[in-house]
Amino acid sequence: MTCHNFKDLMMGYLDNELSDEARRRFEQHVAGCPECARELKEFKRLKTLTDEVTLVEPEDRIWQDYWNGIYNRIERGVGWIIFSVAAILLTIYGGFRAIEEMIKDPEVEVLFKAGLLALLVGLAILFVSVLRERIYFWKKDRYKDVRR
Amino acid sequence: MTGVCQDEIITMQRCRRGSPEAFESLVNRYMKDAYFIALGFVGNREDAMDLSQEAFVRAYRNMKHIKPGRRFFPWFYQILKNLCISHLRKRRYRRASSLDGEDCPEVAATTDCFSPEVVAQRNETKDTVWQAISKLDPKHREVIILRHFQNMSYDQIAEALFCNKGTVTSRLYYARKRLQELLGTESGGSTHDMP
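Going down the list, the sequences are from chains U and D. Oh and the first sequence: position 105 is 93 in my numbering, straight run, nothing missing. Oh and the second sequence: position 7 is 97 in my numbering, straight run, nothing missing.
FYI, nobody ran anything at the bench for these hints, they're computed from the structure. Do not rely on the hints blindly, as some may be mistaken.
Example chain D residues on the side facing chain U (calculated, C-beta under 7 Å, incomplete) [claimed, not checked]:
id, residue
1, E114
2, S115
3, V117
4, F146
5, V147
6, K216
7, V219
8, Y244
9, A248
10, L251
11, C253
12, L262
13, Y264
14, R266
15, Q270
Virtual Cβ for every residue (Gly too), placed ideally from N, Cα, C.
Produce the complete structure using the sequences and hints provided.
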């Protein structure tokens, strides 16, 4: 085995992740290899430094309120979905009724009615086109069923 | 970090059926891990708290996508990590944009606004190490966080990162090498006298 192979064992040695056999082999190599011994010493010094860094634990009340924060976000998310669906439905209904009134109204000019209809047909074509494109790409997406 | 157990599998089945109480027990089990991992990625309390909570919200909404019988934490870790990395990208972009006028974009690229106040019993050495960790790239930073701040074993890290133990060893080696460079703890370095 070369020094490079023993470098792979070095991390396991530092972190107590080696089997007894691998540990013994690594120690034997380090005893006869000044380069690996020097590197191990440097890594040990670095590990001592990083192990000394610990992070401040937040106060207990933060943990007590932690779940409430998550629950509120979940609840608000549901609220927003219901609100958005209702807003879309009401807008579509209101828009439909307003257009219906305008088309039935004999006082509104024919040119305006034609323009409005053309606008609606254009919007409908754009909507169907985007929807069809989305469905096409979704069906061809090889990763859509990938689960982790 | 807790081992895989029947209790967690049952809890996750209940979560998939839409039980908030079951999800609350998962949150209580992993909230500290989530917070400290996020803190390791983003470096300040407010963002870490916000991102860890948001990760749980996303996990709750996507519980149906987790394969039955799988552990919660490795799956949840991917959500949390992606959120943190995306947050870092946005933060760097915002900082780079705001620094454009000052002709100093390289500052935005190298610092990650890691707050020194999050380090317990601060001293100069600890602050230096914490700032050096903030300069590691996310791939190296995450193995340092999981190993040093979460005390996870190589097997647990490999499970969380969806890789094998050899990759964990290799990433740790290069992460520590980079950290040595940043701290100057290699032979002849300026912090050679550090303990």
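For each hint, the structure was consulted:
1. E114: 5 Å, holds
2. S115: 10 Å, violated
3. V117: Holds - the Cβ of V117 of chain D comes within 7 Å of chain U, reaching about 5 Å at its closest.
4. F146: For F146 of chain D, the interface hint holds, since the closest Cβ of chain U sits about 5 Å away, which is under 7 Å.
5. V147: 5 Å, holds
6. K216: This hint holds: K216 of chain D lies near chain U, its Cβ roughly 5 Å from the closest one there, short of 7 Å.
7. V219: Constraint on V219 of chain D satisfied, holds at 5 Å.
8. Y244: Status holds, d = 5 Å.
9. A248: 11 Å, violated
10. L251: Check failed: Cβ of L251 of chain D comes no nearer than 12 Å to chain U, outside 7 Å.
11. C253: 13 Å, violated
12. L262: At 5 Å from the nearest chain U Cβ, L262 of chain D passes the 7 Å test, so the hint holds.
13. Y264: 10 Å, violated
14. R266: 6 Å, holds
15. Q270: 6 Å, holds
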